[in-house]
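Colleague: Residue-level listing of the chains:
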Amino acid sequence: MSKILIRGAKILGGEPQDVLIDGETIAEVGTDLGAEGARVVEAAGQILLPGLVDLHTHLREPGREDSETVLTGTKAAAVGGFTAVHAMANTFPVADTAGVVEQVWRLGKESGYCDVQPIGAVTVGLEGRQLAELGAMHDSAAGVRVFSDDGKCVDDAVIMRRALEYVKAFDGVVAQHAQEPRLTEGAQMNEGIVSAELGLSGWPAVAEESIIARDVLLAAHVGSRVHICHLSTAGSVEIVRWAKSKGWNVTAEVTPHHLLLTDELVRSYNPVYKVNPPLRTEADVMALREALADGTIDCVATDHAPHPHEDKDCEWGAAAMGMVGLETALSVVQHTMVDSGLLDWAGVADRMSFRPAHIGRLTGHGRAISPGEPANLTLHDSAYRGVVDPAGFASRSRNTPYEGRELPGRVTHTFLRGRATVVDGKLA
Amino acid sequence: MKRHLISAADLSRDDAVLILDTAEEMARVADRPIKKLPTLRGRTVVNLFFEDSTRTRISFEAAAKRLSADVINFSAKGSSVSKGESLKDTALTLEAMGADAVVIRHGDSGAPHRLATSGWIGGSVVNAGDGTHEHPTQALLDAFTMRRRLVGADASTGQDLAGRRITVVGDILHSRVARSNVHLLTTLGADVTLVAPPTLVPIGVENWPCEVSYDLDSVVGTSDAVMMLRVQRERMNAAFFPTEREYARRYGLDGERMAKMPEHAIVMHPGPMNRGMEITAEVADSPRCTAVEQVTNGVSIRMAVLYLLLGGNEPALTATGTSTRTEESK
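From first to last, the protein sequence lines stand for chains A and B.
Okay, so the first sequence: first residue is 1 according to the working numbering, each after it adds one.
Okay, so the second sequence: first residue is 1 according to the working numbering, each after it adds one.
Note that these hints are calculated values from the structure, not bench results.
Only true hints are included.
Rough simulated footprint, nothing fancy, chain B against chain A, three-plus residues with beta-carbon under 8 Å: (1) 186 to 195; (2) 199 to 208; (3) 310 to 317.
Fair warning: this is a prediction, and the values are worked out from it, not measured in the lab.
Here a beta-carbon is modelled for each residue, glycine too, at the ideal position from N, C-alpha and C.
When you get a sec, could you build the whole thing from the sequences and use the hints?
Modeller: Below you can see the structure in the form of structure tokens.
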């Protein structure tokens, strides 16, 4: 059995303690633990977090291996401090059958860098018309519990209602990409002052908010749970806050980029800022941070969306939507939430590990850092300052909006069930 | 002046007046039997048109040729672009051929900005209309036409449009002409009012330096110039307005409305006109309508822009004068 002693780390930002890992589990937590037979990781001053869990990752395999594979995507996840990611269903073919979700699940097992929990499509081919075999995906080896047509909205109210009802049979959840399709035809960016000047078709906040309002009411009506993907507007926050005040089973996620970036950046017409939902305004960013801090928004999810270079090295209208995010997520959260005083490290652990694991019903992740628990851990050097250089990414794609930007903090070690996947900031 | 002309907002008042003054000089050349200047001899101007626009292309072509530049027309239709070549590869090709200026018309807002800032090419970029963003040379020729008509060609050197009331009517939401005109006309000191049904005014317009009205009749009486924008009939199908007839009744310019305009006021149209939709034949064919003049002025303005972007830093008027004399001495 291999032993690892993490010495002097601040668990969830608390007082320095030692953590002894024995095999796949945490054996001991305390001060001045003996190091006999153990490899020692000196962690003085660093923050020890439970392994991060991402509810929203595009791994692109099968189908778009030119932008990412399960292997490269899970490497990127490990570098970012993640020990589990949920792989979105909008692959080619779509993950709408037990066969495809099992394939992705198996590729995740083989990668060994990070657990991969496939998400199943809600409807066949993401077409929004006929329910996919949700039960079969749940019963498969992949054990799917989260279903999403992400990239497209389940806009038909009846289909959405049925999906919400149907997944109750196995404690599933529908993760909605809230985008009213008619209000967003040809939409290129947030509709507002900047879109008016730039002459780019607007993606109005109401297109997101109207769907969220409908879906929280539907979830309440049928007594199911609904999860809102990448919530991006101040109005959406208000609706979710209201739904939660009613006691309804509604959860929501926010992406790191919506916590930091605004539509002012689109003035550059640089497609690296093209994303769906679009970057919003400063007022939205501030509302999202507040909501994440007060728990209205349950978790941070990356919406890691790799694209090949040529799909971004072009004019805005021709460019693909999306940004990579796994390798910069924790730094952006530190910058926007911790360094700004809105959230402490225990809060970060909650929003980036405990709660997303709970929403996805992942039993082996999002656990306390205490003896007997699986050793899924992330060691984060919050004092580090560095400039983002996409050339060093583990992801196959480089479409980051943070190139050249200084961000705080760096994941130094990631442990997946006791095995180091990242050592000193490098893949092990 | 900057190296590129992407947005009318990039022009200071002095830049804009210099272009208008230079265009006046160019216009004088057009009145001569030999309409050609040697100024851009040996320089290459590429007209890179991803959208069909014969009017704008031939205007730029005539402008470049009158300055003796070599002109290459690169139309997306029937070229490698229609076979899927990217803007980047097209740009690299033009760069390899030694283009000194690229005049680009593109259906995507921001494409000229991308071309100018991506490092793909080294020459000057002139925006000849991008999506629903901007069309700065159209705004310049509009301002030039207004200055000639409202101030007078001879008295206008160095003058701007301070205090003039300009009304722009029509599909503001989808109009690159409106966006460029709002920037340029306000830079030149004019008071701009946009008139359209609320469906055709962009969300966010409250930040623009202009007024917005939904009622054409309330503003025509105080306008020095009324600019009618082309309204595509297909907009009706997306519920921007109920019917063509209702649009024409509420926002079209007919003889009756024109009669309410001040005596000196002009009617403008960037063309092509939808007669019977935004403008009646009576108005379009009246002497107050400057649509044809705008076309003529477009060549002078584009000559001035190409000259100022490519012709070096010496004072435009002196250089033009010298060139004119050179031409005459031949």
